[in-house]
Amino acid sequence: MTVRLHWFLPTGGDGRTLVDRHAYAPNEAGATRQVRGVRPPDIEYLAQIAKAAEQLGFEAVLTPTGTWCEDAWLTTVALAQHTERLKFLVAFRPGLISPTLAAQMAATYQRVTRGRLLLNVVTGGDSAEQRRFGDRLDHDRRYARTDEFLTVVRGVWRGKPYDFDGTHYQVEGGLTAVPPDPLPQLFFGGSSPAAGPVAARHADVYLTWGEPPAQVKEKIDWIRSLAAREGRTVRFGIRLHTISRDSAAEAWATANRLLDDLDADTVAAAQAALGRSESVGQQRMVALHGGSREALEIHPNLWAGVGLVRGGAGTALVGSHTEVADRIEEYHALGIEHFVLSGYPHLEEAYCFGEGVIPELAARALLDRGPTAAGAPLLVASGR
Numbered sequence: 001m002t003v004r005l006h007w008f009l010p011t012g013g014d015g016r017t018l019v020d021r022h023a024y025a026p027n028e029a030g031a032t033r034q035v036r037g038v039r040p041p042d043i044e045y046l047a048q049i050a051k052a053a054e055q056l057g058f059e060a061v062l063t064p065t066g067t068w069c070e071d072a073w074l075t076t077v078a079l080a081q082h083t084e085r086l087k088f089l090v091a092f093r094p095g096l097i098s099p100t101l102a103a104q105m106a107a108t109y110q111r112v113t114r115g116r117l118l119l120n121v122v123t124g125g126d127s128a129e130q131r132r133f134g135d136r137l138d139h140d141r142r143y144a145r146t147d148e149f150l151t152v153v154r155g156v157w158r159g160k161p162y163d164f165d166g167t168h169y170q171v172e173g174g175l176t177a178v179p180p181d182p183l184p185q186l187f188f189g190g191s192s193p194a195a196g197p198v199a200a201r202h203a204d205v206y207l208t209w210g211e212p213p214a215q216v217k218e219k220i221d222w223i224r225s226l227a228a229r230e231g232r233t234v235r236f237g238i239r240l241h242t243i244s245r246d247s248a249a250e251a252w253a254t255a256n257r258l259l260d261d262l263d264a265d266t267v268a269a270a271q272a273a274l275g276r277s278e279s280v281g282q283q284r285m286v287a288l289h290g291g292s293r294e295a296l297e298i299h300p301n302l303w304a305g306v307g308l309v310r311g312g313a314g315t316a317l318v319g320s321h322t323e324v325a326d327r328i329e330e331y332h333a334l335g336i337e338h339f340v341l342s343g344y345p346h347l348e349e350a351y352c353f354g355e356g357v358i359p360e361l362a363a364r365a366l367l368d369r370g371p372t373a374a375g376a377p378l379l380v381a382s383g384r
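So the sequence shown is numbered by our numbering: it starts at 1 and just counts up by one.
Source of the hints: derived by calculation from the structure; they are not laboratory data.
The model shown is predicted, which means the values in this text are computed figures rather than measured ones.
Note that CB positions come from ideal geometry on N, CA and C, so glycine has one too.
Some clues are possibly wrong.
Claimed, not checked - Simulated restraints on C-beta separations:
id : residue 1 : residue 2 : range
1  : R293      : R111      : 43 to 51 Å
2  : D42       : D165      : 41 to 49 Å
3  : E348      : V280      : 28 to 36 Å
4  : D165      : E330      : 43 to 51 Å
5  : D165      : G37       : 48 to 56 Å
6  : K160      : R16       : 47 to 55 Å
7  : R85       : A287      : 34 to 42 Å
8  : G290      : L101      : 37 to 45 Å
9  : D165      : E355      : 51 to 59 Å
10 : G173      : A295      : 52 to 60 Å
Said to hold, decoys possible - Lysine to any residue pairs mimicking SDA-like chemistry, simulated, CA-CA at most 25 Å apart:
id : residue 1 : residue 2
11 : K217      : R201
12 : K217      : T2
13 : K217      : G290
14 : K217      : A228
15 : K51       : E348
16 : K217      : L334
From just these sequences and the hints, can you work out the full model?
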């Protein structure tokens with residue numbers, strides 16, 4: 001099992017600070033409010049990041065979903081025209097569209113991009129956010145609906161009429177006339193008791209946020225045992241930020257600068273909002289730091305500072321290129337195959353990681369050299 005690396009597309013905005021996801025919400029006058037130091041997520045800038053990720057040897061880029069970012073399907077299919085091999089891990093929310101339509105969209109996407117679609121299934125852990133899209137189900141019923149949704153999607157991908165009679169969906173003769181080739185891999189996350197069985201039945205890759213290795217191992221063991229009961233095998237991935245530099249001192253100085261940019265009121269407001277989340281995964285992220293700026297290094301080179309203001313992935317690997325590679329190797333030894341990474345700003349941090357850590361991983365024989373050889377030349381690290 002080799003390490004498979006993915007980057008992130010900041011379709012809610014980017015910059016040299018921890019980005020305010022509301023930075024592009026219309027103000028009272030109806031104009032877009034600009035925030036100092038924030039880069040708008042226009043197609044030209046996102047194309048720069050996508051091209052850099054492809055050149056540096058990342059396999060795919062994750063695109064988020066939600067109120068404060070661009071639509072993932074439309075954005076990535078546009079970016080596919082600017083890249084050649086890069087895959088797109090498209091986040092979407094089951095229940096907001098028909099599962100038969102989603103299956104058809106995925107099939108079309110595979111043909112348009114020649115097989116470059118991966119799917120990140122986001123059930124949703126915030127009822128207020130779900131209600132913005134007209135969804136009024138509670139947390140556990142959303143996972144029950146996701147279970148049915150993915151059953152229908154896989155059913156109609158068989159290419160022949162498929163019937164389904166469930167609590168949330170009733171489908172008669174559903175099919176995708178020309179199924180996607182290849183079938184998109186399904187990435188799925190969720191830490192609640194309601195999420196685990198759904199992941200075990202449907203996920204190709206179970207994706208967790210960046211908790212300390214001991215907690216990640218507990219999740220892996222949990223999902224593996226549930227999948228075994230279903231007669232399935234699930235692979236594993238982790239979602240992390242990175243701050244990788246030539247020296248550890250330089251990396252931690254960057255982390256501290258990001259922290260210094262955050263005033264107490266901003267952190268307090270963010271923590272109040274995140275504390276209301278129904279997501280068990282989000283609750284686990286908040287518990288790593290408890291809203292405090294103290295003791296944010298919760299495991300060697302694992303920093304929880306991002307989670308003071310950012311929902312979702314709230315931890316970063318911070319250190320020298322060698323130290324960051326060490327931590328990746330540590331997670332990999334637990335069974336993590338897919339590493340979905342990001343950093344602020346995403347363009348520059350892609351190069352820091354790609355030119356610093358990727359050669360370290362290659363030197364340890366942790367990477368498949370095929371995709372890298374097709375892109376940028378492989379650089380072997382020396383003295384980093």
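Consistency of the hints with the structure:
1. R293 with R111: 43 to 51 Å: 49 Å Cβ-Cβ, so the 43 to 51 Å window holds.
2. D42 with D165: 41 to 49 Å: 45 Å, holds
3. E348 with V280: 28 to 36 Å: Since the Cβ atoms of E348 and V280 sit about 33 Å apart, the hinted range of 28 to 36 Å holds.
4. D165 with E330: 43 to 51 Å: Holds, at about 46 Å.
5. D165 with G37: 48 to 56 Å: 53 Å, holds
6. K160 with R16: 47 to 55 Å: 52 Å, holds
7. R85 with A287: 34 to 42 Å: At 39 Å between Cβs, range holds.
8. G290 with L101: 37 to 45 Å: For G290 and L101 the Cβ distance comes to about 42 Å; the hint holds.
9. D165 with E355: 51 to 59 Å: 54 Å, holds
10. G173 with A295: 52 to 60 Å: 58 Å, holds
11. K217 with R201: 20 Å, holds
12. K217 with T2: 18 Å, holds
13. K217 with G290: Roughly 22 Å between the alpha carbons, so the hint for K217 and G290 holds.
14. K217 with A228: Holds, at roughly 16 Å.
15. K51 with E348: Given that 25 Å is the threshold and the Cα spacing comes to 12 Å, the pair holds.
16. K217 with L334: 6 Å, holds
When each numbered hint is compared with the structure, no violation occurs for any of them.
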